[in-house]
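Given the coordinates of chain R, work out where chain V should sit on it, guided by the hints.
Spelled out, the chains give:
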Amino acid sequence: MLIHKNYHLTIYAPKYCTNIVKYALLSAAIFLASGCASLGVEPWERDLLAKDEMALTSSPIDSALDDHIYFSKEASSGGKSFGGGGCGCN
Amino acid sequence: MQLKKKKPPVNLKAALTIAASALLGTIPKTVVAAENTTKSKKALKDSSWDFESALLFYSESDRVSAAEAILNGQKTFENDEVLNLKLTVDVLTGASANGAAAQPNVQTFTRPSGKGSYQTQVNETPLDDTFKDTRVQFNAQWTQPLAENYTGSAGVHISKEYDYLSLGINGNLAYDFNQKNSTFSVGLSYFQDTFEPEGGIPLAFASMPAAFGSTIDNSDKKADFNASRRTDSDDKSTADIMFGFTQVINRRMIMQFNYSYSKVDGYLNDPFKVLSLVDSTGIAQDYVYENRPDSRLKQSLYAQTKYHFEQNIIDVSYRYMWDDWELDSHTIDSKLRVPLSRQSYIEPHFRFYKQSAAQFYQPFLVELNTLPEFASADYRIGEMRAYTLGIKYGTTLSDGNNLSFRLEYYRQDPTDAGHKALGALSEVDLYESVNAIIAQVTYSF
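Going down the list, the sequences are from chains R and V.
53 is the number that my numbering gives to position 53 of the first sequence; each next residue is one higher, with no gaps.
167 is the number that my numbering gives to position 167 of the second sequence; each next residue is one higher, with no gaps.
These are computed hints drawn from the structure, not numbers from a lab.
This one's a predicted model, so the numbers in the text were calculated from it and none came from an experiment.
Positions of the beta carbon are idealized from the N, C-alpha and C atoms, including for glycine.
Treat the hints with care, since some could be wrong.
[Claimed, not checked] Stretch by stretch, here's where chain R covers chain V in the computed footprint (C-beta under 8 Å, at least three residues):
| # | stretch |
| --- | --- |
| 1 | 219 to 230 |
| 2 | 299 to 310 |
| 3 | 315 to 323 |
| 4 | 372 to 386 |
Chain V with its partners taken away, still in its complex shape:
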């Protein structure tokens, strides 16, 4: 046993560098030759890959939990060309509001697959607890100088979930002037997404069919379920254009302004969301699938400034977004980086978000009224305020690598945009708040 040669410690950076280079088919000879030798350090330095990894947990009380891991590798070549590769994996599980209103009685809903049902207790917001998904995402971005003062960048994106595929490309051109104190940029991106939800895509405003099981003959119920579906899959495209302007104000201050124009076309419904169809006493008689327009035009203005005080750095940004669903939003995000020593810092974070409701948002539908052209009870397009309060601690380790921890509290407060709650609905909470904790560890090496 004592004669057994001790295994050298695994050099994560070396392994990842070789993996990333192999992926590109460009393993430097020096790396191959130097593997497991004392020259490996120098070879790795020459190949200059920098890695950053992060693990994030997101957990809502009684609702969704998610874990997300990111590994980002960046290599700078001669002539300032930069290649960035990023792999993201996330796992989602838990319950999500299905859009139906809380009621003074127990409610039963069919699962999205049609196989089986779930119940919601008295006065509780209906949550569909079948959410479970794993997503893998890969991004590659190449940036290089094109001519004096011009920098170009191009990238690809692919992400796959069990029921969702997203493919994207982007390009960006930046022009520096005024001694590189000012930069204009223009960027384009295009995404093509395909959605293949469990149980197919429901017809707009179709009644939620009864669940079918597998033990008894359910051919009628299966036929009803199939009759509520129009297709198995649908897609959407997103085209974005963004104009940016960055300006150095003085030795301590830099500002950025962006204008974005985004056009989304295709299937924009959430196939898992329903609306309660209530009678004049506010009691649900039926649940119908939502229907949103098949296009959305979003625009936004964004301004950010960073200021370096003697020690601290403040980062404040504001975004105003508006769209043709008559939804608009204001977002203020601020961070203050406070050094604790030469190696460490803390960074408090505060974010405030406020949105108005989409024109077709309705917390429920009333039986006697004519059915509108579009309707959704998804609280995420309803009137809402949200707050994030967080703190980050970062430190540089003795080997020069960086480690940081982030802990945040996120709260959403949906609000009433002027919908009169009928009868029993005035006794229940139609706009339940959502509380979440976000915890993250980041390690750069």
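So that you can see chain R by itself, here it is in the shape it has in the complex:
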């Protein structure tokens, strides 16, 4: 006989953990956003940030290729950018 799921472990527990992770991340984002007025640099202090390699997506081609591989092989996509359609692989 097939045991479909261990409901206690597989469904409820992750949901509970899921909520904790969600709220923790949201709180961190809100906390950082509210304290951001005091963060940052003056325009003449952007020497390092202005470098190409300090861009958040410093190699768009690598990102595009990686997104395509992981979209095809895993059940998650997007997050950094849109994870929409465009491929019949999943």
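Just chain V now, kept in the frame of chain R:
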């Protein structure tokens, strides 16, 4: 022979610039006039197209191999308007797990087209070796300042495979504040995909019909095959909304946070995937086509930070994704860029991924049990961990162009989410690992 004028070397950038401009119907007069003259360099500089090209090979041991080529062109106009055009071509070939469980005997499966069959040896994971596809994709993106501190962007996407068409549009609005140290952005995207798989779309949980050949009269078998199909094509739509927040922390550090909400509706099955229907001893009696819900609601939170040390730059990101299929995942991605000289660097890369199984994931079905509403044995929606370990080397050439090489190892370890393996199934590997090598060359000019 000696009198024959030597051909000038082909200037790839010049050729591509003219091609890209011709596509837009905006060949600058200077470029036309300056072609093959000494002024061409200046004209090209004025037209300011930057190109980036890449060739990637992806190869799984005993399974799928793919080659993907990208050519990306970007032009910055006056007033900071940016046009980006991207062409992607990829070729896929090899074998892919068809969802059926390994068995202590040889198994025979019908090819998706119904014409012919393939066999899987004892104790081996069944792989459908008919995969062969070529995809061509085109993207165009226009970005421009809309007002002080506001930047808008809009783009289109089209990709075509032999059996798949995808059309997409997107738009994004970004607002800078706090001396451009903070940015809020909101983006929307919509995709409309049409799937026309070889052999048509099978009915949910229909038994895999016997193969038919072309040499003898197979009208009965053909009729059986057709009876297992409901239609030739189906479609799906994907609507995404994303909110982003970017913050400069200090001279060395920048952070980004995104929240994404994605709604997918329509045909979400994989028409090539089946489940083994086993008896109480774990021996497959039949193979039935999978059935997934016709909608999926995905959400994700993403955080990324980059920090510039004295020389090195570290890039770390984390993504948490969850959906209404009760599947969730954690992804950690990290890169460390280490300069070797003024012209070159190496960049080690580590990625860890972990996902739980979709609620309806089942490695096999049991004959005596009632058929569930939804079921799929596709390991890609089962419980899994995956690791990527890679290294990139980049260098600036004497002409100022950039060349880089990337080599990565990717491993997927599907795991048991608590499904009891019956009889013979406890003797076989139901969760076989997948190993892949990724190799890439990138050239910017």
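Residues of the stretch 299 to 310 of chain V with Cβ under 8 Å from chain R, three needed, outcome: holds (count 7)
Per-stretch coverage check for the stretch 315 to 323 of chain V, three Cβ contacts closer than 8 Å to chain R: Coverage by chain R holds here, the residue count being 6 at a Cβ distance below 8 Å.
Residues of the stretch 372 to 386 of chain V with Cβ under 8 Å from chain R, three needed, outcome: That given contact holds, which follows from 5 residues of the stretch 372 to 386 of chain V lying within Cβ reach (below 8 Å) of chain R.
Cβ contact check, 8 Å cutoff: the stretch 219 to 230 of chain V against chain R, three residues minimum: Violated - the stretch 219 to 230 of chain V has 0 residues with a Cβ nearer than 8 Å to chain R, which falls short of three.
Hint 1 alone, counting from the list given before, is not met by this structure.
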